[in-house]
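Those sequence lines, one after another, are chains A and B.
Going by numbering that gives the first Met the number 0, the first sequence opens with residue 0, and the numbers climb by one from there.
Going by numbering that gives the first Met the number 0, the second sequence opens with residue 0, and the numbers climb by one from there.
One thing to keep in mind: the hints can contain errors.
Stated by the list, open to error - Across the chosen pairs, the derived CB separations fall in these ranges:
#1 B:Arg564 with A:Asp98: 49 to 59 angstroms
#2 B:Ser495 with A:Val92: 49 to 59 angstroms
#3 B:Glu154 with A:Asn243: 27 to 37 angstroms
#4 A:Thr89 with B:Ala99: 56 to 66 angstroms
What the hints assert, rightly or not - So these bits of chain A aren't anywhere near chain B, every CB distance computed over 12 angstroms:
#5 Thr89
#6 Thr99
#7 Arg137
#8 Phe188
In short, the hints are calculated from the structure, not lab data.
Even glycine gets a Cβ: it sits at the ideal position worked out from N, Cα and C.
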Amino acid sequence: MTLVFCVIFIAIFAPLIIPPEFATRMDMRTRLSPPDMAHWLGTDQLGRDLFYRVMLGAKTSIGIATSAVLMSLVIGLPLGLISGYFGGHTDNVLMRLVDTLLSFPALLLALTISAVLGPNLQNTIIAIGVAFTPYLARLIRGEALRVSQMPYVEAARSSGATNIRLIISHVLPNIMPVVIVQSTISLAFAILAEAGLSFLGLGTQPPEASWGLMIQASRDYLDRAPWTALVPGTAVALTVLGLNMFGDVLRDVLDPRSKS
Amino acid sequence: MNNTPPPISETSLKIEEPVISLDHLRVEFETDGSTVLAVNDISFKVSAGETVCLVGESGSGKSVTSLSLMRLVEFGGGKITGGRMLLAREGSETVNLAEAGTSTMRSIRGNEIGMIFQEPMTSLNPVFTIERQLTDGLRLHTNLSANETREKALELLREVRIPDPEKRLRQYPHELSGGMRQRVVIAMAMACRPRLLIADEPTTALDVTIQAEILSLINRLKRETGMAVLFITHDMAVVAQMADRVVVMYQGNLIEEGTVENIFSAPKEDYTKALLAAVPQLGQMAGTTLPKLLDIPGSPATPNPSLKTLETKGGALLEVKNLVTRFPVYGGIFRRKVANVHAVENVSFTINRGETMALVGESGCGKSSCGRSILRLVEPESGEIILNDKKILSLNERDLRSARREMQMVFQDPFASLNPYMRLREQVAEPLNNFGLASKSEVDDIIRDIFEKVELPLSFLRRFPHELSGGQRQRVAIARAIVVNPSLVITDEAVSALDVSVQAQVLNLMMSLQAELGLSYLFISHDMAVVERVSHKVGVMYLGKLVEVGSRSQIFENPQHEYTRALMAAVPIADPNKRNISNDMNFKPIPSPVFPVGHISEEPEYEQIEPGHLILRN
Numbered sequence: 000m001t002l003v004f005c006v007i008f009i010a011i012f013a014p015l016i017i018p019p020e021f022a023t024r025m026d027m028r029t030r031l032s033p034p035d036m037a038h039w040l041g042t043d044q045l046g047r048d049l050f051y052r053v054m055l056g057a058k059t060s061i062g063i064a065t066s067a068v069l070m071s072l073v074i075g076l077p078l079g080l081i082s083g084y085f086g087g088h089t090d091n092v093l094m095r096l097v098d099t100l101l102s103f104p105a106l107l108l109a110l111t112i113s114a115v116l117g118p119n120l121q122n123t124i125i126a127i128g129v130a131f132t133p134y135l136a137r138l139i140r141g142e143a144l145r146v147s148q149m150p151y152v153e154a155a156r157s158s159g160a161t162n163i164r165l166i167i168s169h170v171l172p173n174i175m176p177v178v179i180v181q182s183t184i185s186l187a188f189a190i191l192a193e194a195g196l197s198f199l200g201l202g203t204q205p206p207e208a209s210w211g212l213m214i215q216a217s218r219d220y221l222d223r224a225p226w227t228a229l230v231p232g233t234a235v236a237l238t239v240l241g242l243n244m245f246g247d248v249l250r251d252v253l254d255p256r257s258k259s
Numbered sequence: 000m001n002n003t004p005p006p007i008s009e010t011s012l013k014i015e016e017p018v019i020s021l022d023h024l025r026v027e028f029e030t031d032g033s034t035v036l037a038v039n040d041i042s043f044k045v046s047a048g049e050t051v052c053l054v055g056e057s058g059s060g061k062s063v064t065s066l067s068l069m070r071l072v073e074f075g076g077g078k079i080t081g082g083r084m085l086l087a088r089e090g091s092e093t094v095n096l097a098e099a100g101t102s103t104m105r106s107i108r109g110n111e112i113g114m115i116f117q118e119p120m121t122s123l124n125p126v127f128t129i130e131r132q133l134t135d136g137l138r139l140h141t142n143l144s145a146n147e148t149r150e151k152a153l154e155l156l157r158e159v160r161i162p163d164p165e166k167r168l169r170q171y172p173h174e175l176s177g178g179m180r181q182r183v184v185i186a187m188a189m190a191c192r193p194r195l196l197i198a199d200e201p202t203t204a205l206d207v208t209i210q211a212e213i214l215s216l217i218n219r220l221k222r223e224t225g226m227a228v229l230f231i232t233h234d235m236a237v238v239a240q241m242a243d244r245v246v247v248m249y250q251g252n253l254i255e256e257g258t259v260e261n262i263f264s265a266p267k268e269d270y271t272k273a274l275l276a277a278v279p280q281l282g283q284m285a286g287t288t289l290p291k292l293l294d295i296p297g298s299p300a301t302p303n304p305s306l307k308t309l310e311t312k313g314g315a316l317l318e319v320k321n322l323v324t325r326f327p328v329y330g331g332i333f334r335r336k337v338a339n340v341h342a343v344e345n346v347s348f349t350i351n352r353g354e355t356m357a358l359v360g361e362s363g364c365g366k367s368s369c370g371r372s373i374l375r376l377v378e379p380e381s382g383e384i385i386l387n388d389k390k391i392l393s394l395n396e397r398d399l400r401s402a403r404r405e406m407q408m409v410f411q412d413p414f415a416s417l418n419p420y421m422r423l424r425e426q427v428a429e430p431l432n433n434f435g436l437a438s439k440s441e442v443d444d445i446i447r448d449i450f451e452k453v454e455l456p457l458s459f460l461r462r463f464p465h466e467l468s469g470g471q472r473q474r475v476a477i478a479r480a481i482v483v484n485p486s487l488v489i490t491d492e493a494v495s496a497l498d499v500s501v502q503a504q505v506l507n508l509m510m511s512l513q514a515e516l517g518l519s520y521l522f523i524s525h526d527m528a529v530v531e532r533v534s535h536k537v538g539v540m541y542l543g544k545l546v547e548v549g550s551r552s553q554i555f556e557n558p559q560h561e562y563t564r565a566l567m568a569a570v571p572i573a574d575p576n577k578r579n580i581s582n583d584m585n586f587k588p589i590p591s592p593v594f595p596v597g598h599i600s601e602e603p604e605y606e607q608i609e610p611g612h613l614i615l616r617n
């Protein structure tokens, strides 16, 4: 819980407090220096302070991941709900579409999209968002299918509820636990996907700081300066861990059964 | 049914030293820091050749007791915190199961103690053949060769009277019917000739005819092998049929223990009396024409609506004519429709205002599909449904929605039929809002009124379903159904998931509401005794067809169709002096209702026995 709030806090406030040039200021004399008093977390191959870069990179990484997952939710949630609830031909058509997208590895799909659209922040979000949609849609469809067959949905239907009402007030709340957990896991994967895209040169463009980019840059110096990889790596790991725990907590809080 | 079982006294004479004796057993469960006492100081014995029935409602600790005997309770988070469980082993050795080590327990489980579980669907592993499942235990506990175990497995299948045992060995569980599967489970439990057989609600999930077969099988095996049987059930009628002695449990405590005759004829404790009174007995209503409330001793005398108010008001409310509902079966690589399940075949009946019509039959007979077809929750293929002069099948979606105000449904499982994420007030208010029947200010008053009608405290309004017991939830489901003032309520096995005492209360509530509001019920149930209690009219369904229909007394006192008679014969009677479960009951298995596409079923021909009493002749 605290972990997630810390990360979000950093992502929002670090850019307001730390001037952006702190993260890009190079100092060739202190390149690849281990953590010390001057540079708390050491410096990278260009002598940039890793502490500032991690702090400022949080905004890029978290921002891209959140927007991408939101985007895949906006497309995937209605798609899955409609598909699972109505079934039949609607389901067949929609799911074949989703299957087509699923047949490409997510990262490859994201890679293609961002290669076609050109590498920039907005396109990275679109690329990751689209690539993640089919997974979410598939999952939501399965859940919606299950919930639609529950007696309480049938009971509500026989008491005159319209389809829209059934979907919104009966199906949706009951699939939310799965959606929440899956979304937080997706957030973690989105951070990694952004790192992957940046690593391949299609995500965030240097000198802008992002965790993925930092990991990418560190690969040539692993033997001499392992902290260049460890610092952004730990940031990613902590965030992912925090998000997973956060998802579980959120699910429990929203479930009336967990309160007694 | 001519060969009556030996009188009970004969078996009870042979009782020797106990096979298992429980001595002040205590079992606790640890949950979130607090300790729940599941079994509190229970002592009883089971001797060889004796059946002891452990009876109680949900939460009474009866299953926990049986799991403790197998020391399986520890896998579910329970802990034996006191007492002894002495098992007399082969020879004269005695072992205290409460302190036995894991390897001792492994040599006892499935070997000296066999266990039968409730669900034959899930207690067999779907990926192994019957042979593999049967021989597993044998290979573990004996050193027979592969061929010998195979022979032994065949012998076991013959022993539990499974037809075609050679063929069955190669089959997988899903290829067998529910009754057949339970026979396999029993064969597995019997494989190593256990000294004690624990049967935990072995027939609860089965149809009555199959239940009768399984009960008679257990009785026969007990007589042939002389094993001790610990039979766990909630059904007093089954107790009356099976038990030599009875142990009554309530909330982890032993309430009463005695011979089956004593428990039934002279129960000492109030709880036992209440339990017995709550069970509707088949044949109890002979000579009456109208439904009657059940007596619930101990509860404040409910204002008994006089029998007159349960009289029907006359005039047809619902007419069902030649209703046909089929479900497609898809197969082949192209997922084409290859066959149809003929769920409802040419069913016709009429329900009058204020009348309860019951549909009875075994699982898969189409009674639920029939109810759902009337609401058009499934689309019927043809036929006519006329409710209040409105032709339901020709309505478009919008008109259907408003027509449903007149007919509401109560479902079987009170745990699944309420939305876990909605407060009770919202759930009950939803139909009102859907039909736009009341303004915001009126809704509150109506809901309060309804909650009082179904006897629920108003403090429940803001609760969520999980905070309620099964019976309370079913009251909410009833409230939701009647809040829009329907004229017809379809109840699909509405009380079969409830404990008997709760079942009696809910049945009484339904009958009182009927008297008060002039409701008509289509009461779908498999329980003949309950049906006899509540209905004016009864339809018996078999393979999608209505095989016999008539007034309650016509059906129950003068059953004409072969199937109706078989169904009645299979219902256990809650009286130990009238044991009707005989040695080897074998009913005709129900054929498959799946027919190829284009199959034309013959027109039903009914013969009228008396006015209103029809039986199917083809």
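Status of each hint after checking the structure:
1. B:Arg564 with A:Asp98: 49 to 59 angstroms: holds, 54 angstroms
2. B:Ser495 with A:Val92: 49 to 59 angstroms: violated, 40 angstroms
3. B:Glu154 with A:Asn243: 27 to 37 angstroms: Distance hint for B:Glu154, A:Asn243 is violated at roughly 54 angstroms.
4. A:Thr89 with B:Ala99: 56 to 66 angstroms: holds, 59 angstroms
5. Thr89: Per Cβ check, A:Thr89 is outside 12 angstroms of chain B; nearest 16 angstroms; holds.
6. Thr99: holds, 19 angstroms
7. Arg137: holds, 19 angstroms
8. Phe188: holds, 27 angstroms
When each numbered hint is compared with the structure, violations occur for hints 2 and 3.
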